[in-house]
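Trainee: Each chain, written out:
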Amino acid sequence: MEGLMTLWASTGIANFHYQQLIMIAVGFGLLYLAIAKKFEPLLLLPIGFGAVLTNIPVAGFSDPGGLLYYVYHIGIDTGVFPLLIFMGVGAMTDFGALIANPKMLLLGAAAQTGIFATLFGAILLNLIPGFEFTLADASAIAIIGGADGPTAIFLASRLAPDLLGAIAVAAYSYMALVPIIQPPIMKALTNKEERKIVMEQLRPVSQREKIIFPLMVLVISLLLLPEATPLVGMFCLGNLMRECGVVDRLSKTAQNELINIVTIALGLAVGSKLSAEAFLTVETLGILALGAVAFGIGTACGVLMAKLMCKLSGGKINPLIGAAGVSAVPMAARVVNKVGLEANPHNFLLMHAMGPNVAGVLGSAVAAGILLALVSP
Amino acid sequence: MEGLMTLWASTGIANFHYQQLIMIAVGFGLLYLAIAKKFEPLLLLPIGFGAVLTNIPVAGFSDPGGLLYYVYHIGIDTGVFPLLIFMGVGAMTDFGALIANPKMLLLGAAAQTGIFATLFGAILLNLIPGFEFTLADASAIAIIGGADGPTAIFLASRLAPDLLGAIAVAAYSYMALVPIIQPPIMKALTNKEERKIVMEQLRPVSQREKIIFPLMVLVISLLLLPEATPLVGMFCLGNLMRECGVVDRLSKTAQNELINIVTIALGLAVGSKLSAEAFLTVETLGILALGAVAFGIGTACGVLMAKLMCKLSGGKINPLIGAAGVSAVPMAARVVNKVGLEANPHNFLLMHAMGPNVAGVLGSAVAAGILLALVSP
Amino acid sequence: MEGLMTLWASTGIANFHYQQLIMIAVGFGLLYLAIAKKFEPLLLLPIGFGAVLTNIPVAGFSDPGGLLYYVYHIGIDTGVFPLLIFMGVGAMTDFGALIANPKMLLLGAAAQTGIFATLFGAILLNLIPGFEFTLADASAIAIIGGADGPTAIFLASRLAPDLLGAIAVAAYSYMALVPIIQPPIMKALTNKEERKIVMEQLRPVSQREKIIFPLMVLVISLLLLPEATPLVGMFCLGNLMRECGVVDRLSKTAQNELINIVTIALGLAVGSKLSAEAFLTVETLGILALGAVAFGIGTACGVLMAKLMCKLSGGKINPLIGAAGVSAVPMAARVVNKVGLEANPHNFLLMHAMGPNVAGVLGSAVAAGILLALVSP
Amino acid sequence: MENNLGALLFEAANLLLIGMGVVFIFLTILIFLIKLMSSLVGKNAPTPAAPVATPNINRNTGKSAQDKKVVAAISAAVHQYRQDNK
Amino acid sequence: MENNLGALLFEAANLLLIGMGVVFIFLTILIFLIKLMSSLVGKNAPTPAAPVATPNINRNTGKSAQDKKVVAAISAAVHQYRQDNK
Amino acid sequence: MENNLGALLFEAANLLLIGMGVVFIFLTILIFLIKLMSSLVGKNAPTPAAPVATPNINRNTGKSAQDKKVVAAISAAVHQYRQDNK
Ligand code: NA
Ligand code: NA
Ligand code: NA
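Chains as they are written, first to last, in the working numbering: chain A, 13 to 389; chain B, 13 to 389; chain C, 13 to 389; chain D, 16 to 101; chain E, 16 to 101; chain F, 16 to 101.
In short, the hints are calculated from the structure, not lab data.
Treat the hints loosely; a few may be bogus.
[To be verified] Here's a subset of chain C near chain F, in silico, CB distances under 8 Å, partners left out: (1) I25; (2) I34; (3) Q124; (4) T125; (5) F128; (6) F132.
In this text, all values refer to a predicted model and were calculated from it rather than measured experimentally.
The beta carbon of each residue, even a glycine, is placed where N, CA and C say it ideally should be.
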């Protein structure tokens, strides 16, 4: 009978705190969003599963010696996993559209306003009792506006590890919600004539330009903003492997097996930060609200900058493509294409939106570098 | 000449103890079984090779700083490798046959009797001078009856690391020997009429059922037996990735490159536990004997339970499929099919045996969870 | 303004030492060689990129907590990465040509003279002020003559970690330069008649011979030279997986995804040793000079041994194939083929040169084992 | 030792009872939940979009595209032949 | 607290100005460098050897090899038919 | 220093002799073992079941299946044509 008591004492039922049950429900909610709603399933499925596992009592997944403990400390504490993901994303990214039309970089820059503006929001939330965001916290939250998952995870792991779970979930959720968040803002800031603008076809880009591009980005980055080089550098390495044509087998592995393995592990590790103590706080609500604000401001500033460029270029630029500057590759570019088609069924903006879209990835990596340089945890 | 002496002093010839030579011979024996006899070659080949390497004097493969030392401590001491293998196996497993006919789970349950009955055998061996199995040792040995390699390695790494090498070798060897061990037991416990029984074709199973299944298993497991969630949870994660249809690239990697990499490393690490001190003991003989007993009892109990279900169902269930309940996927199911065909050349039992077969994997993971909860090392 | 000052203080421009700029230029030089000149791009591209990253001020890639710090300490300090590469190379190597004509092993042996002769050169350099090579340094430098990247990295990580960057760069550069270094030596030591010799076609080799071969090499190695078994053993494991026919999925992974992942990481880690302090020394010039000497002597001794065998066999052996004994698989064999075709357009030596070529890999692994056994760091 | 053996055997008996009990309870609950689940979602749900089938479908498309080519080539050949034989 | 808030807001304003400034400077420099680079290497360089195209090319080769086979098979069939009908 | 150099050179000479000796002994033993092994298993053993060949075989099967299809399609076309021309 003693054994029976020991066993009962070790069941989940006898050990659950209600907060853990809530967090397991949150985990299942993320799984639902990933599977049924197809919200960034590659990340949200392992994150949701990790959230369930980490909240199981007795099993100790995130205690020293547990699986998620190892995965988190090896992969996220060190920053290795987000950097490997960034290398893989670099190996998957084609900068052709941006090299053909480099002015698009301005749109990728403008959309980063969402990040820095959100800093104020995070600090002002401290006026509400219960919120006590430091500048480091505010910076980690604001990077959600960069619409780039690995950048957000990397910065949060450096500046606000306790908020990492909520920040990652917010970042990926809003990236999945781009088709819902962006169109109203895009339509509010543009008129139908602007949305109808058809852009000139892009010139083809030579392989040599594509090879030199990542090296050039690396050089500017190491001269101006070395703090950004972990992110920018690994991204450029991936892109160089893709374009140089002499290491195709490495590039293929970086884009497939390596990024897949790291994605599973990264997702589980992020999920392991969705513990009840860290997530069931009023701060999580603040993070979710601020993330939406950051996305909105970023989209708006991108569109407004594109409107300005439209004016200055004599109407050659469709202002919609500014929305793609937040990154969220390739979702935001697809949304631009869709809204453009609604206004003019012959207006295919996808390739033109890819320029600001990949520019947004660089822009938010640069923004992250600035925050790393100026804000200490 | 001094150099020559140093070199001679560092040759294998000058440093071998005869036990190391015996263990190297054991390693080559395992390689022979893997390559020439096709005994579970994916595991026994790296295990055999690891056994050779670890017993080379001077080279220090398993000393601090040696390759196998790192692999063992990173992968098995932490439990990470067996769990990753379990995720991959989950991603390879189709539960369709079990969902279509859930009663088959009873066969997977009955076959676990082999595990718990073997506990007595292990303890009774202590009557023979030279044997001193603790309850933890006995539990780690008994899990061989679960016929599931990663489960056995995981439990042994937790309860009896010193016996891990012998236990893993016994587990994989007996899994490979299923076509020899099981048929006599199956035939002894059934008559020809029973073996001739043709079963109804299984209904098709919807994708939604297959998606919900692993989540349901996870929920029961975390409520009833959290100690089993490392094994069961990773298995369910793999299976969910397989079935959900939105993360095919992760599922493909988990089933292929990731499990392959981990298999090589796991095999070498297990092999590194086949040192002379740990393996050349009378206990190894006991482990081999007990493993055979566990397999036999598990098979017999599975068949007897299937006979009972046959009676209760009015002869709709072929008792042979009970033998598949020990798991050893998919070997045991194939053996059932073969023995069934011998009795009735039109009787294809393979799909019906897959149900108890995958049920046996769950059953032994649950049994392992119980042993982890109730037995301390 | 304070922020602006902080940012300025953190720019690369404000922090660069001129040596770092030189090393970044060296990194770009390696990238140029890899991409534009196709010099062993699989390794030199990540090495060059790692050299750039490690010399970025402020970013701290190679400081504790930095990405390259982890990669180096996990993969090279432990010796794990070169050993995994060796396993992958083993899985890619076909020993058929060598088994068909085992005398070719003598050519692989003769070419190792380059290694041991270079020891004198390294020590004599100590006569020049500024050089202070220990015997361990000299051994690590001399192994460049083995023309085998992972062997050189493994030995250097054991005997002279400070010189690792320069040694690896020299080894891979000279392997890429084989088509330029070897032909003059080959032509100087042979006459046109000798180069015209057509060799007998090789007999087909059975699968069983190919399976037994790596096991045989392993046995000789563990008996005679256990210090060589880390390298030789992992090589044999890869080759056994390739040939045994029962673990094709493991062999495929070892040859592709696993070796690709490790290659990226190994390259970056080697690059991280190209810091200004370690590389911008007169010793680097010495290493580059000695590497070329080692290659030259190895080639010459291989050709001379082949000439001797040609004489003894009554002119059945083309002396050119001796040059392939330095390894540099498969570049050296291709060079032999090309020089042979120049002398006789119907003389295809490629298959005959593969024998000494793979023999050279074994030969330099054995030489590395001897140096590990007799020289302490 | 003998005493110890008795204690160990008692513990083993305990483990056998509790263990097999929990295994059966666990898997029996699972049986009922699967049945419940299947009755809730299974019957209404569409048959699985069989992921394995996808490549087959593609391959079939490939084949049928090929078939069309074959048919087109044959039509052309036969047409040509008719022309020639006129 | 209020005081602290003011300080934080001031720092945030600082970050906004510097941050957006650096982002724009960084990306504007990149614009000029891309233009410079394209004018130096882009126009003269051959169009990319489109790595993605390679498999397509192979596939086309495959197809045309297949087409040839089809044509050969048809020629044979038509030839046979002619023989038969003579 | 000079003294030290002499010692180092002596050690290097030692290494050269022992090293090349062991390399040659090692590889010479291997030569004899390979010959022994080949004489024991090589001559009787079947030629390798060339793993690389398997995909080719499959591809051939694919091709021949395709060929059969082509032939079938042609037979049908020719048959149809005969019918038409009757
Ligand atoms: Na962005
Ligand atoms: Na089982
Ligand atoms: Na060599």
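Trainee: Interface hint check: T125 (chain C), Cβ to nearest Cβ on chain F, cutoff 8 Å. Holds or violated?
Mentor: Holds. Min distance 6 Å.
Trainee: Can you verify the interface hint for F132 (chain C): is its Cβ closer than 8 Å to any Cβ in chain F?
Mentor: 5 Å, holds
Trainee: For the hint on I34 (chain C), just tell me whether its beta-carbon gets within less than 8 Å of chain F.
Mentor: The hint is violated - I34 (chain C) has no Cβ within 8 Å of chain F, the shortest such distance being about 31 Å.
Trainee: Can the hint on I25 (chain C) be confirmed by a CB-to-CB distance to chain F that is less than 8 Å?
Mentor: 44 Å, violated
Trainee: Q124 (chain C) was flagged as interface toward chain F. Is the shortest Cβ-Cβ separation under 8 Å?
Mentor: 5 Å, holds
Trainee: Using the nearest Cβ pair, does F128 (chain C) come within less than 8 Å of chain F?
Mentor: 4 Å, holds
Checked against the numbered hints given earlier, the structure breaks hints 1, 2 and satisfies all the rest.
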